[in-house]
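K.L.:
Quick mapping for you: the protein sequence lines, in order, are chains A and B. Residue 176 in our numbering sits at position 176 of the first sequence, and the numbers go up by one each step. Residue 48 in our numbering sits at position 48 of the second sequence, and the numbers go up by one each step.
For the record, the hints were derived by calculation from the structure and aren't laboratory data. Note that the Cβ used here is the ideal one computed from N, Cα and C, for glycine as well. Don't take each hint at face value.
[What the hints assert, rightly or not] Each pair of labels, with its calculated beta carbon distance range:
| no. | chain 1 | residue 1 | chain 2 | residue 2 | range |
| --- | --- | --- | --- | --- | --- |
| 1 | A | 174 | B | 51 | 53 to 61 Å |
| 2 | B | 64 | A | 135 | 50 to 58 Å |
| 3 | A | 97 | B | 41 | 24 to 32 Å |
| 4 | B | 4 | A | 135 | 21 to 29 Å |
| 5 | B | 46 | A | 89 | 31 to 39 Å |
| 6 | B | 61 | A | 135 | 50 to 58 Å |
| 7 | A | 8 | B | 64 | 40 to 48 Å |
| 8 | A | 181 | B | 38 | 54 to 62 Å |
| 9 | A | 162 | B | 51 | 37 to 45 Å |
| 10 | B | 64 | A | 164 | 48 to 56 Å |
| 11 | B | 20 | A | 5 | 35 to 43 Å |
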Amino acid sequence: MGRPLDDRELVARAKRGDADAYEELVHAYQGIALRTAYLIAGNAADAEEAAQDGFLKAHRSLWRFRPGAPFKPWLLRIVANEARNRRRSAGRRAALALQAAGEAASGDAAPSPEAALLGAERREELVAALNRLSDADRETLALRYFLDLSEAETAAALGVRPGTVKSRLSRALERLRAELGEERE
Amino acid sequence: MNERELRALGAWIDFPEERDLAPAMRARLSPRGPRRRRALVLVLAAALLAIAVAFAVRPARSGILRFFHLQGATIELVDKLP
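Could you build the full structure based on these sequences and the hints that come with them?
P.N.:
Right, dumping it as C-alpha cells:
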C-alpha cells in the first residue's frame with residue numbers, strides 16, 4: 001500500500017474527476033465541516049445539510065480553486081456560508097448547548113485533564129454568557145477556541161480578514177468577561 | 001475567564017454526532033466532474049464574448065440582423081408617393 005495522499009494531490013485528482021479522491025477529502029474534513037456548520041446554524045439537521053451542500057458546492061467549484069492553496073479554509077468558508085444562509089432563512093438565533101449531564105466530553109472516552117477541570121457550574125455559566133453575546137462575537141470565539149481553528153482559518157470561515165479576527169477576538173473576550181462580571185486578567 | 005477555559009469548554013459542547021457524508025455526497029456528485037464544468041463555462045464565456053464583439057461592430061451587427069430578418073424599418077419622408 002502506498003503512502004496516503006496529501007490534500008494537494010487529492011484536490012488535483014478530484015479536479016480531474018476522480019470521485020475516490022474527493023471522497024477522501026470528505027472523510028478528512030466532514031467532522032470539522034459539521035462542527036463549523038453547527039456553531040453557525042445552531043441546529044443539527046441544518047448543520048448536516050449545510051455541510052453536505054458545502055461539500056457539493058466545493059466540488060462544483062474545484063476548477064476555480066487555486067492550486068497549492070490550503071483546502072480546509074476554502075471549504076470552511078463555503079460550509080459556513082451555507083450554514084449562515086440556513087440560519088437566516090429559519091429566522092432564528094443560534095445558541096450553544098452543553099452535553100447532557102453524565103456524558104463524557106465529546107469525542108473522548110475520558111475528558112482531557114483540562115476539560116475535566118472545568119466544573120459543571122462553571123460550564124453552565126460560560127455557555128449562558130456566550131449565548132448572551134452577539135452572533136458575530138460568539139461565532140468568532142467558538143470557531144477559534146472550541147474548534148481550535150487558526151486565525152486564518154477562522155477568518156476564512158467568517159469571510160473576514162485575519163486582522164479583523166484578531167480585533168474581534170479581543171473585543172469578544174472583553175464582552176464575555178463583562179457578561180461574567182469579571183475584570184480583565 | 002481565560003482562553004484555556006474556553007478551549008476546555010469546547011469538549012463539553014453538544015455537537016451533533018458525526019455521520020459519514022461521503023455516500024450521500026457521491027450520489028450527488030456531478031458525473032461530468034469539475035473539469036468538464038470548467039470547459040463548459042469557458043465555451044459559454046467564449047460564445048458570449050464572440051456575440052458581444054460581433055454586435056459592437058456595425059457592419060457585422062447589420063449582417064447578423066439581416067440574416068435573422070430582424071432589421072428595423074426606415075421611414076423616409078418624400079414629396080410624392082411612389
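K.L.:
Work down the list of hints and note, for each, if the structure agrees.
P.N.:
Hints versus structure:
1. 174/A - 51/B: 53 to 61 Å: With a Cβ separation near 56 Å, residue 174/A and residue 51/B satisfy 53 to 61 Å, so the hint holds.
2. 64/B - 135/A: 50 to 58 Å: 53 Å, holds
3. 97/A - 41/B: 24 to 32 Å: 42 Å, violated
4. 4/B - 135/A: 21 to 29 Å: Because 24 Å falls inside the window, the suggested range holds.
5. 46/B - 89/A: 31 to 39 Å: At 36 Å between Cβs, range holds.
6. 61/B - 135/A: 50 to 58 Å: The hinted range 50 to 58 Å holds for residue 61/B and residue 135/A, with Cβ atoms some 52 Å apart.
7. 8/A - 64/B: 40 to 48 Å: Given a distance of about 47 Å, which is inside 40 to 48 Å, the answer is holds.
8. 181/A - 38/B: 54 to 62 Å: This hint holds: roughly 55 Å between Cβ atoms.
9. 162/A - 51/B: 37 to 45 Å: 42 Å, holds
10. 64/B - 164/A: 48 to 56 Å: Holds: the Cβ-Cβ distance is about 50 Å, inside 48 to 56 Å.
11. 20/B - 5/A: 35 to 43 Å: Because 19 Å falls outside the window, the suggested range is violated.
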